[in-house]
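In the order they appear, the protein sequences are chains A and B.
Counting in numbering that gives the first Met the number 0, the first sequence runs from 0 upward without gaps.
Counting in numbering that gives the first Met the number 0, the second sequence runs from 0 upward without gaps.
Quick caveat, the hints were computed from the structure, so don't treat them as lab data.
Glycine residues also receive a C-beta, built at the ideal position from the N, C-alpha and C atoms.
Fair warning: there could be bad hints in the mix.
Ranges of calculated distance between the beta carbons of each label pair, as one might list FRET restraints [as the list claims (entries may be wrong)]:
(1) B:Gln-35 with A:Cys-381: 43 to 53 Å
(2) A:Asn-92 with B:Tyr-21: 34 to 44 Å
(3) A:Gly-227 with B:Glu-61: 12 to 22 Å
(4) A:Pro-178 with B:Ala-30: 30 to 40 Å
(5) B:Ala-17 with A:Lys-378: 51 to 61 Å
(6) A:Pro-265 with B:Gly-84: 27 to 37 Å
Below, computed lysine to aspartate or glutamate pairings styled on DMTMM-like, alpha-carbon distance capped at 20 Å [said to hold, decoys possible]:
(7) A:Lys-98 with A:Asp-70
(8) A:Lys-108 with B:Glu-33
(9) A:Lys-72 with B:Asp-19
(10) A:Lys-102 with B:Glu-48
(11) A:Lys-108 with B:Asp-19
(12) A:Lys-114 with B:Asp-19
(13) A:Lys-278 with A:Asp-210
(14) A:Lys-72 with A:Glu-131
(15) A:Lys-114 with A:Glu-52
(16) A:Lys-102 with B:Asp-31
(17) A:Lys-114 with B:Glu-48
(18) A:Lys-323 with A:Asp-374
(19) B:Lys-1 with B:Asp-19
Anything over 10 Å on all C-beta distances counts as not near chain B; from chain A, calculated [unchecked claim]:
(20) Gly-93
(21) Arg-167
(22) Pro-265
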Amino acid sequence: MAVKKKKPTALKRKRPAAARAQKSNQPVLVMVATRKGAWFLRSDAARKNWRIEGPHFLGNIINHVVLDPRDGKTLLAAASTGHLGPTLFRSTNGGRTWKEASKPPAFAKAPEGEKGRSVNHTFWLVPCHANEPNAWYAGTSPQGLFRSDDGGDTWHGVSGLNDNLEYRKYMGSEQDGTPDGPKMHSVIVDPRDPKHLYFGMSSGGVHESLDGGKTWSPLVNGMEVVEGFDASNIMFHDPHCVRMCPSNPDRLYQQNHCGIYRLDRPGTQWERVGNNMPKAVGDVGFPMVVHPRDEDTAWVFPMDGQTVWPRTSPNGRPSTYVTKDAGMTWQRLDAGMPREQAWWTVKRQAMTSDAKDPVGLYFGTTSGELWASRDEGKKWSCIARHLPEIYAVEAAVALER
Amino acid sequence: MKVLIPSPLFSYTAGKSAVDAYGATLSAVLADLERQFAGIRFRIVDEQERMRPHMRFFINGEQTFDLRQPLHPTDSIQIVQALSGG
Chain A
0 MAVKKKKPTA LKRKRPAAAR AQKSNQPVLV MVATRKGAWF LRSDAARKNW
50 RIEGPHFLGN IINHVVLDPR DGKTLLAAAS TGHLGPTLFR STNGGRTWKE
100 ASKPPAFAKA PEGEKGRSVN HTFWLVPCHA NEPNAWYAGT SPQGLFRSDD
150 GGDTWHGVSG LNDNLEYRKY MGSEQDGTPD GPKMHSVIVD PRDPKHLYFG
200 MSSGGVHESL DGGKTWSPLV NGMEVVEGFD ASNIMFHDPH CVRMCPSNPD
250 RLYQQNHCGI YRLDRPGTQW ERVGNNMPKA VGDVGFPMVV HPRDEDTAWV
300 FPMDGQTVWP RTSPNGRPST YVTKDAGMTW QRLDAGMPRE QAWWTVKRQA
350 MTSDAKDPVG LYFGTTSGEL WASRDEGKKW SCIARHLPEI YAVEAAVALE
400 R
Chain B
0 MKVLIPSPLF SYTAGKSAVD AYGATLSAVL ADLERQFAGI RFRIVDEQER
50 MRPHMRFFIN GEQTFDLRQP LHPTDSIQIV QALSGG
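Could you put the whole structure together from the sequences, leaning on the hints where they help?
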């Protein structure tokens with residue numbers, strides 16, 4: 000059933016031209032960030048055969064590796080170790096060589112006598128608008144938003160967020176975040192307007208800025224919180240992953256701690272489309288993937304959210320689920336995956352798509368396996384195993400080597 | 000004065016486990032290390048001037064938690080990474 004689309008009234012932004020599919024003869028680069036380093040996998044044109052390269056930064060915790068689509072060769076990697084402070088590495092030649100950022104994200108020094116915050120690690124990296132070359136945003140743990148205007152070499156805090164005392168309340172304490180620290184994630188730049196931004200915080204809700212980050216407002220209506228908590232308290236909202244549809248930037252999908260949601264702007268009411276998932280599976284999970292050219296198609300990877308929240312594949316039977324009607328219905332896509340006794344966890348950054356036609360999908364498990372589908376999830380195969388715990392997976396057009 | 004460097008920071012010191020640095024306090028020595036080996040300080044001390052949780056400082060074999068601690072030119076400094084976890 001097709002979903003009726005609301006016409007924008009408040010934002011009145013034009014839709015971008017439909018994104019073109021990646022050329023069929025172009026190989027795909029999959030960047031895998033793990034708890035012990037980064038690995039790159041390069042496909043042939045058909046995405047049948049994969050060659051693994053790495054490790055890069057062996058022993059470093061790599062939270063995210065992202066290729067800049069604006070130049071196709073600049074890479075940023077968010078790194079830390081279990082003991083040293085955080086840093087960022089940059090490559091301007093597709094990963095052949097790396098150089099450390101000279102000023103990684105760091106909060107401002109607090110006045111004498113006040114307890115200031117310190118960045119534990121950079122969690123999320125995203126290039127800014129296509130018209131802002133060399134500019135990037137970074138989301139950190141604890142929650143902070145940073146910007147670089149020189150290709151990731153030096154970073155400064157986005158004061159409208161980091162120094163906003165109201166938002167500090169939404170962020171809660173370090174005990175209100177995930178076990179490895181509260182996260183700023185899902186930093187999204189509207190392709191029609193560089194000043195139109197979104198982000199998510201675990202915990203702390205989904206938020207929007209229309210002025211390049213100077214001011215922000217919560218966007219949590221309709222989002223549910225854990226039973227017994229007050230949904231009017233922004234701090235209790237825990238979006239896990241928010242994605243904007245490239246073919247329609249007025250449409251957002253979200254995988255939340257409490258369900259799967261869709262929001263069509265300029266509306267402000269999230270709709271829990273996860274209620275349409277099979278009840279035995281539920282709609283808890285971490286990642287959310289949207290189709291690069293079809294706003295009605297999105298994928299999730301459900302996790303078990305019962306009782307003590309195992310957050311493993313329900314009943315030990317992993318599967319992706321796809322909607323092709325904006326969340327009205329969902330179909331199981333598990334061909335090729337184990338049929339039983341596979342207790343996988345897939346983290347919020349660890350599932351993604353390429354831009355080919357048909358779309359390729361990729362996810363990495365915390366048990367170190369990388370799975371791929373070259374037909375939009377109809378059939379899956381494992382393309383790497385025995386890696387460390389996978390934190391993030393990104394796909395891009397591979398550079399010629 | 001001599002400063003012993005733990006192996007996770009060798010990438011900054013070109014593999015040297017001991018370097019020379021100078022300053023009247025531990026903080027000043029860290030500033031001198033940063034001048035010589037750009038980026039090293041932020042891996043050891045955070046933006047609020049706090050020692051990172053697993054970084055430890057010993058002066059002449061005695062542990063200190065005070066970056067303002069005065070130093071003498073003959074002191075030796077050991078920076079230790081207290082490795083833990085897997």
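Each hint, compared with the structure:
1. B:Gln-35 with A:Cys-381: 43 to 53 Å: holds (47 Å)
2. A:Asn-92 with B:Tyr-21: 34 to 44 Å: For Tyr-21 of chain B against Asn-92 of chain A, whose Cβ atoms are near 37 Å apart, the range 34 to 44 Å holds.
3. A:Gly-227 with B:Glu-61: 12 to 22 Å: violated (51 Å)
4. A:Pro-178 with B:Ala-30: 30 to 40 Å: holds (35 Å)
5. B:Ala-17 with A:Lys-378: 51 to 61 Å: Given a distance of about 57 Å, which is inside 51 to 61 Å, the answer is holds.
6. A:Pro-265 with B:Gly-84: 27 to 37 Å: Taking Cβ atoms as reference, Pro-265 of chain A and Gly-84 of chain B lie about 47 Å apart, which means the hint is violated.
7. A:Lys-98 with A:Asp-70: holds (18 Å)
8. A:Lys-108 with B:Glu-33: This hinted pair holds, its Cα atoms lying about 18 Å apart.
9. A:Lys-72 with B:Asp-19: violated (38 Å)
10. A:Lys-102 with B:Glu-48: Answer holds: Lys-102 of chain A to Glu-48 of chain B is near 16 Å, not above 20 Å.
11. A:Lys-108 with B:Asp-19: violated (28 Å)
12. A:Lys-114 with B:Asp-19: violated (33 Å)
13. A:Lys-278 with A:Asp-210: violated (41 Å)
14. A:Lys-72 with A:Glu-131: Distance ~16 Å between Lys-72 of chain A and Glu-131 of chain A Cα, so the pair holds.
15. A:Lys-114 with A:Glu-52: Violated. Lys-114 of chain A to Glu-52 of chain A sits at ~43 Å, over the 20 Å cutoff.
16. A:Lys-102 with B:Asp-31: holds (17 Å)
17. A:Lys-114 with B:Glu-48: Given that 20 Å is the threshold and the Cα spacing comes to 11 Å, the pair holds.
18. A:Lys-323 with A:Asp-374: Holds. Lys-323 of chain A to Asp-374 of chain A sits at ~14 Å (cutoff 20 Å).
19. B:Lys-1 with B:Asp-19: holds (5 Å)
20. Gly-93: Non-interface label stands for Gly-93 of chain A: nearest chain B Cβ at 21 Å, farther than 10 Å.
21. Arg-167: holds (15 Å)
22. Pro-265: Its Cβ never comes within 10 Å of chain B, the nearest being 38 Å, so this holds.
Violated hints, listed in ascending order, are 3, 6, 9, 11, 12, 13 and 15; each of the other numbered hints is respected by the structure.
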